[in-house]
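Using this note's numbering, the letters of the sequence shown map in sequence onto residues 47 to 245.
Warning: the hint list may mix true and false statements.
[What the hints assert, rightly or not] Label pairs and their in silico Cβ distance ranges:
hint, residue 1, residue 2, range
1, R238, Q69, 32 to 40 Å
2, D114, D146, 15 to 23 Å
3, G115, D146, 22 to 30 Å
4, G207, G95, 31 to 39 Å
5, G94, Y229, 27 to 35 Å
6, Q69, E209, 46 to 54 Å
7, E98, E77, 43 to 51 Å
8, E189, G240, 27 to 35 Å
9, A71, Y144, 34 to 42 Å
10, E209, G143, 20 to 28 Å
11, G150, P178, 12 to 20 Å
It should be emphasised that the hints constitute simulated quantities derived from the structure, not laboratory data. The beta carbon of each residue, even a glycine, is placed where N, CA and C say it ideally should be.
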Amino acid sequence: MGDMANLFGTGRFAQPSGQLSGQEAADEAQEAADEAAEEVRLRLAVDGGDVEAMSVLGALLLRRGDFDGAESHLRAATAAGDRAAANNLGVLLHQRGYADEAAGWWRIAAVAGSAAAAHALGRHFRERGDEPAAEYWLCQSAEQGHVLAAYALADLLEHRGDETGSERWMRAAAERGHREAAYRLARTLDRRAGGCDGG
């Protein structure tokens, strides 16, 4: 038993899942208590008509997988003009299989300036084969600094054969830390320089 404890302590032997150290269990319990307290605070604020609290509570419930609970709060916040709620409502509806309704909410949020919603809308159109619409929304998002949109736009432009545009957005994504973009950009530059393509 002592050898096993020593291995756990040095990190050379992984603990079986489900077994937490005393500190990990305490941290997990504290995190759960903090989340419960935050939820109570948000619910009280929602009862008082706080639109931001509706949006945040809806997002919290969405992350937890409570779609029914999230939807009512997100719809209420969206009706009051909260763009983050409109984006999250789009995410919820997409996860439920209502892609077209999701796109409608993403459009509302994107027009209001949400880079995340513009990215989601661009991906929606790309999945449906509408490349001009996909390019428009991905560009809107990428120009706001959304790294995933920059990468998706680069991929779309590369697929279309626009090497200059693709390289521009691949570079933008790589410079913001997107690893796949950095790899693909390096491969492109290496091929252009006449390096081996190493497949």
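Results of checking the hints against the structure:
Distance hint for R238 and Q69: a CB-CB separation of about 52 Å, inconsistent with the stated range 32 to 40 Å. At about 21 Å, the CB distance of D114 to D146 agrees with the hint of 15 to 23 Å. Range check, G115 to D146: Cβ separation about 23 Å, and the 22 to 30 Å hint holds. In this structure the supplied range 31 to 39 Å is violated for G207 paired with G95, their Cβ-Cβ distance being about 53 Å.
Under the hint 27 to 35 Å, the C-beta atoms of G94 and Y229, about 50 Å apart, miss the expected range. Taking 46 to 54 Å as the suggested C-beta distance range, the pair Q69 and E209 conforms, at roughly 52 Å. Between E98 and E77, the C-beta spacing of about 23 Å breaks the proposed range 43 to 51 Å. For E189 paired with G240, a C-beta distance near 33 Å keeps the hint of 27 to 35 Å intact.
Between A71 and Y144 the beta carbon distance is about 40 Å. The supplied range of 34 to 42 Å therefore holds. In this structure the hint that E209 and G143 lie 20 to 28 Å apart at CB is violated, the actual value being about 37 Å. For G150 paired with P178, a C-beta distance near 19 Å keeps the hint of 12 to 20 Å intact.
Hints 1, 4, 5, 7, 10, counting from the list given before, are not met by this structure.
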